[in-house]
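Top to bottom, those sequences are chains Y and B.
Under this note's numbering, think of the first position of the first sequence as 1, with each following residue one higher.
Under this note's numbering, think of the first position of the second sequence as 1, with each following residue one higher.
Because the hints were derived from the structure by calculation, they are not lab data.
Where hints are given, some of them may not hold.
One side only, chain Y facing chain B, incomplete, derived with CB under 10 Å [as the list claims (entries may be wrong)]:
#, residue
1, Trp16
2, Ala23
3, Ile35
4, Leu37
5, Val38
6, Thr61
7, Val79
8, Tyr104
9, Leu119
No more than 25 Å apart at the CA atoms, straight line, and that leaves these computed lysine to any residue pairs for SDA-like [claimed, not checked]:
#, chain 1, residue 1, chain 2, residue 2
10, B, Lys67, Y, Pro41
11, B, Lys102, B, Ile24
12, B, Lys67, Y, Ala27
13, B, Lys67, Y, Phe32
14, B, Lys67, Y, Val34
15, B, Lys102, Y, Trp16
Treat the numbers as computed from the prediction; the structure is a model and nothing was measured.
No residue lacks a Cβ here, since even glycine has one placed at the ideal position from N, Cα and C.
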Amino acid sequence: MVTSVTSFGRNGLSDWLIQRFSAVVLATYTAFIVIYLVAHPGLTYQEWSGLHSQLWMRIFTLIVLLSNVAHGWIGLWGVLTDYATDRLMGAIALPIRMFSMALYLLVALAFIIWGVQILWGVN
Amino acid sequence: MKKNRPVNLNLSTVQFPITAIVSILHRISGMILLPGVLLLLWMLDMSLASQASFDTLSEWLGNPLLKVALWAILAALAYHFVAGIRHIIMDLGFAESFESGKLTAYISLVCTAILVLLAGVWVW
Numbered sequence: 001m002v003t004s005v006t007s008f009g010r011n012g013l014s015d016w017l018i019q020r021f022s023a024v025v026l027a028t029y030t031a032f033i034v035i036y037l038v039a040h041p042g043l044t045y046q047e048w049s050g051l052h053s054q055l056w057m058r059i060f061t062l063i064v065l066l067s068n069v070a071h072g073w074i075g076l077w078g079v080l081t082d083y084a085t086d087r088l089m090g091a092i093a094l095p096i097r098m099f100s101m102a103l104y105l106l107v108a109l110a111f112i113i114w115g116v117q118i119l120w121g122v123n
Numbered sequence: 001m002k003k004n005r006p007v008n009l010n011l012s013t014v015q016f017p018i019t020a021i022v023s024i025l026h027r028i029s030g031m032i033l034l035p036g037v038l039l040l041l042w043m044l045d046m047s048l049a050s051q052a053s054f055d056t057l058s059e060w061l062g063n064p065l066l067k068v069a070l071w072a073i074l075a076a077l078a079y080h081f082v083a084g085i086r087h088i089i090m091d092l093g094f095a096e097s098f099e100s101g102k103l104t105a106y107i108s109l110v111c112t113a114i115l116v117l118l119a120g121v122w123v124w
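Only chain Y is shown next, with the shape it has when bound in the complex (with noise of 0.2 Å):
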């Protein structure tokens, strides 16, 4: 079975290493948010818009979407890759992970130009 054509970095040991440095930026960002969110009860739009409009929060949120994309093409193809195989479904099996992995970059080419969208558009 050929898999490596829709890995992420084409290449074993560099999807390990961008999904772990991908997973630090996502739970940085996650612990980041939280605790935004809990020092900050009864949060106005003033003050959430006020500091999506900082370039470092764009920045930021920016590279977050991009670590997220990676980092869910890496688990959506190690999962595809585990269980939608030949011996457990066939010929089915290739079909299944081509349209997934293809529906997957769609989407998540949505997701970076809507991000984008949403970040540069606030005042």
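Could you slot chain B onto chain Y? The hints should help.
For chain B alone, kept in the frame of chain Y given last:
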């Protein structure tokens, strides 16, 4: 034929070790988060587009259905976060034996349970 021959892999008697359960839950929570982050991005959009959409989102968050959906996503996120940190700790070379793996698996489940409860309190 020998009557007392062993029965191999009687699946009804095979139990997943706790480490396997923690591992499969990490995968399941990850798969939940794939569509889950779309809802979170949609909420970010609503919260930032304008004062009006911010207010609309606050109002919608009073809807029990959205509360349950958000709580489910936060629960998956909490689990994936905790289990991910466990992974990174092991990648760094700590707690790699089966015994310590079992211990950190239990600790992960307890930490997640606390976070999921707190998330529930926060959402409601």
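Now the hints, each set against the structure:
1. Trp16: At 9 Å from the nearest chain B Cβ, Trp16(Y) passes the 10 Å test, so the hint holds.
2. Ala23: Holds - the Cβ of Ala23(Y) comes within 10 Å of chain B, reaching about 5 Å at its closest.
3. Ile35: Violated - the Cβ of Ile35(Y) stays beyond 10 Å from chain B, reaching only about 12 Å at its closest.
4. Leu37: holds, 8 Å
5. Val38: Holds, because the Cβ-Cβ distance from Val38(Y) to chain B comes to roughly 8 Å (cut-off 10 Å).
6. Thr61: holds, 8 Å
7. Val79: With a closest approach of 6 Å, the Val79(Y) hint holds.
8. Tyr104: Since the shortest Cβ distance to chain B is 8 Å, the answer is holds.
9. Leu119: holds, 8 Å
10. Lys67(B) with Pro41(Y): holds, 17 Å
11. Lys102(B) with Ile24(B): OK: Lys102(B) and Ile24(B) at ~14 Å, within 25 Å.
12. Lys67(B) with Ala27(Y): holds, 23 Å
13. Lys67(B) with Phe32(Y): holds, 22 Å
14. Lys67(B) with Val34(Y): Since the Cα atoms of Lys67(B) and Val34(Y) sit roughly 17 Å apart, the hinted pair holds (cutoff 25 Å).
15. Lys102(B) with Trp16(Y): holds, 23 Å
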